[in-house]
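Below, each chain spelled out in residue letters.
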Amino acid sequence: MLGLPGLAMALLAVAILSLTTGARAIPYDMVWSAFFSFDPAATEHRIIWDLRLPRTLVGLLVGAALGLAGAVLQGATRNPLADPSILGINSGAALFVVVGVAVFGITQLTTYVWLAFIGAGAAMLVVYSIAALGREGATPIKLALAGAAMTAVMQAIINAILLTSPRTLDEVRFWQVGSLAGRSMDIALQVSPFILAGAALAFLTARLLDGLSMGEDVARSLGQRIGLTRGLAGLAAVILAGAAVSAAGPIAFVGLTVPHVARAITGPSYRWILPYSMLMAPILLLGADVVGRVISPPGEVQVGIVTAFLGAPFFIALVRRRKLAAL
Amino acid sequence: MFTRLSTAALVVLLACALPAHAQDWTFTGGDGETVILDARPQRIIAHQDAAAGLIPLGIRPVGIYADSAIEAAKALEGLDLSGIEIIGTAWSEVDIEKAAALEPDLIVAEWWDRNSAWSGGADIARTLSPLAPITGVAASNSIVGMIEDYEALAASLGADLDAPAIAADKAAFETARAAFEAATAAKPDLKAVAVYAGNDAIYFADPAGAAELLDLQSWGLDLITPGGVDSAGNNYFETVSWENADKYPTDLILVDNRSAATLETALAQPTWTLNPGAAAGQVADWPAFWLRNYAAYARELAKLTEVIDAADASVVP
Chain A
1 MLGLPGLAMA LLAVAILSLT TGARAIPYDM VWSAFFSFDP AATEHRIIWD LRLPRTLVGL
61 LVGAALGLAG AVLQGATRNP LADPSILGIN SGAALFVVVG VAVFGITQLT TYVWLAFIGA
121 GAAMLVVYSI AALGREGATP IKLALAGAAM TAVMQAIINA ILLTSPRTLD EVRFWQVGSL
181 AGRSMDIALQ VSPFILAGAA LAFLTARLLD GLSMGEDVAR SLGQRIGLTR GLAGLAAVIL
241 AGAAVSAAGP IAFVGLTVPH VARAITGPSY RWILPYSMLM APILLLGADV VGRVISPPGE
301 VQVGIVTAFL GAPFFIALVR RRKLAAL
Chain B
1 MFTRLSTAAL VVLLACALPA HAQDWTFTGG DGETVILDAR PQRIIAHQDA AAGLIPLGIR
61 PVGIYADSAI EAAKALEGLD LSGIEIIGTA WSEVDIEKAA ALEPDLIVAE WWDRNSAWSG
121 GADIARTLSP LAPITGVAAS NSIVGMIEDY EALAASLGAD LDAPAIAADK AAFETARAAF
181 EAATAAKPDL KAVAVYAGND AIYFADPAGA AELLDLQSWG LDLITPGGVD SAGNNYFETV
241 SWENADKYPT DLILVDNRSA ATLETALAQP TWTLNPGAAA GQVADWPAFW LRNYAAYARE
301 LAKLTEVIDA ADASVVP
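Line order of the protein sequences matches chains A and B.
At position 115 of the first sequence the residue is numbered 115 (our numbering), and the sequence of numbers has no breaks.
At position 137 of the second sequence the residue is numbered 137 (our numbering), and the sequence of numbers has no breaks.
Because the hints were derived from the structure by calculation, they are not lab data.
Where hints are given, some of them may not hold.
To be verified - In silico contact screen, one side only, chain B against chain A (beta carbon under 10 Å); selected entries:
| no. | residue |
| --- | --- |
| 1 | Ala201 |
| 2 | Gln217 |
| 3 | Asn244 |
Said to hold, decoys possible - Distance windows between CB atoms, simulated:
| no. | chain 1 | residue 1 | chain 2 | residue 2 | range |
| --- | --- | --- | --- | --- | --- |
| 4 | A | Ile157 | B | Asp80 | 50 to 56 Å |
| 5 | B | Glu85 | A | Ile157 | 24 to 30 Å |
| 6 | B | Ser314 | A | Phe35 | 33 to 39 Å |
| 7 | A | Met30 | B | Ser142 | 43 to 49 Å |
Positions of the beta carbon are idealized from the N, C-alpha and C atoms, including for glycine.
Build the full structure now, drawing on both the sequences and the hints.
Written as structure tokens, this is what we have:
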């Protein structure tokens with residue numbers, strides 16, 4: 001088995017690859033000296049610091065957030081298909097960004113971040129309120145249904161706006177596919193506190209999720225408060241997924257698949273699934289980003305596309321090779 | 001006897017037909033097709049770019065279909081559109097009911113030879129052509145040439161090209177062009193490049209794909225021709241990663257001004273200033289693809305001349 005140290009090494013290797021790979025050929029010793037003897041006049045050093053480092057950091061943060069958010073959501077809803085997109089988080093973020101661009105003429109990524117974050121939170125709140133109606137409260141199935149319905153509604157509004165406003169479509173096109181390109185250090189700094197807080201909260205819920213995975217009745221009989229567990233896990237997921245989607249756009253695939261891979265390796269305990277997901281997701285995301293940078297020179301392929309292309313066959317193979325652990 | 005009678009009948013018939021032919025309006029469009037109408041068209045629906053060519057020459061369409069919201073349609077900037085119905089505000093979309101209600105005699109768009117299509121979207125011509133024939137000038141290698149084509153079209157539609165306002169626009173343009181030529185002649189070493197800036201990449205424009213850039217070149221501006229044709233196979237731009245923003249170092253950078261956001265996006269890129277011209281702040285507007293009349297051309301040329309006059313031509317050795 002890979003083990004956490006192995007994964008950490010792999011992640012480090014991908015991060016170094018991300019710093020050394022790009023449209024411009026920069027020799028390894030230049031990358032090294034950019035960190036240990038920075039010269040502001042050297043073009044290569046500026047590219048490392050201004051472009052590749054922020055991009056790598058955003059990739060690490062977003063990847064970790066997506067992996068954790070997916071794992072927590074799958075655990076809390078006990079739904080193998082749960083990921084940030086199914087609870088309306090991605091669409092909510094996209095809707096707010098699209099409205100911001102179409103109505104208020106916002107054009108800069110650093111402003112998108114806040115819009116997307118508020119949108120993700122608002123969507124989750126609405127979805128939760130709808131699901132909580134009725135005597136039995138917000139059950140996983142009602143959450144998933146409310147999320148799917150809200151996603152459909154918000155997607156319809158997004159499409160209506162984009163169809164009538166080509167300028168908006170043009171502005172949000174690159175954000176909507178999911179991309180790490182053009183993300184500045186400001187964006188990494190903007191989202192990192194949220195991702196750190198969300199991650200801390202997610203790890204706090206690990207033990208509770210383990211209880212929940214034995215079934216609601218067992219969990220309840222062990223003295224667990226189901227509603228509180230779901231609420232905490234949901235909050236962690238919104239913070240993580242909201243931050244991720246705001247920084248990189250809606251990247252759907254990572255949050256769904258990585259926890260399944262992690263679960264296949266670690267077994268059912270969330271105390272292991274969570275850290276594995278947190279390390280494996282950025283390996284996939286950053287790795288896909290590096291591939292996207294070199295696959296079609298002189299242009300780049302957005303990471304959202306590469307992740308799906310790389311991830312889907314792998315996921316299919318996994319599903320075919322072994323029975324995925326039931327939730 | 002019989003032959004004489006039939007000849008006489010033929011003469012009478014011809015005599016009846018001829019006066020009608022004398023009123024015919026014909027125009028051969030950029031697509032090579034000749035439109036023949038039995039009277040000079042009065043009610044015209046025009047694509048935004050064609051409207052920008054015709055309105056300053058005194059031909060006012062009854063309806064305009066634009067590629068975007070009117071305030072974002074650069075070509076129509078500064079034109080008086082009062083009384084003109086807007087029947088489309090998105091690429092390839094037109095309100096067919098409004099168009100029919102306007103009872104047009106003629107649709108005027110621009111012919112794009114590269115795509116073998118009328119401007120405004122391929123479907124538009126199909127949607128509007130049942131209402132009236134479609135014609136227009138061809139997109140060409142010179143905006144000045146296109147404006148002259150618009151003058152010919154406008155004259156055939158009854159415009160008085162000797163009107164003082166039209167003559168004044170043309171004179172202002174000639175003055176602006178002379179000033180531009182003088183400015184470039186004074187700085188023979190000044191190198192320039194035209195770009196579009198996206199969050200994903202910087203796009204270097206091939207002058208051969210933009211009529212106004214070819215004009216500027218012919219008036220002495222030393223514009224870079226980028227090397228690569230991008231992977232999508234279109235040769236309007238070369239797509240370059242922001243890591244290589246200094247691929248074409250120049251003294252002056254012209255930034256696509258169809259949307260003000262493009263320059264903001266450029267300025268927000270940390271590597272924008274890798275290009276020495278950008279680092280020196282020698283950045284000007286590129287009126288990309290939208291100039292269709294002398295007044296707008298004169299305005300844009302004056303802005304460019306001002307930047308060139310103030311520019312340091314030795315930023316790039």
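These are the hints, each one checked on the structure:
1. Ala201: Status holds, d = 6 Å.
2. Gln217: violated, 24 Å
3. Asn244: holds, 5 Å
4. Ile157/A - Asp80/B: 50 to 56 Å: At roughly 36 Å between Cβ atoms, aspartate 80/B and isoleucine 157/A fall outside 50 to 56 Å, so the hint is violated.
5. Glu85/B - Ile157/A: 24 to 30 Å: holds, 28 Å
6. Ser314/B - Phe35/A: 33 to 39 Å: holds, 35 Å
7. Met30/A - Ser142/B: 43 to 49 Å: Holds: the Cβ-Cβ distance is about 46 Å, inside 43 to 49 Å.
Comparing the model with each numbered hint stated earlier shows that hints 2 and 4 do not hold.
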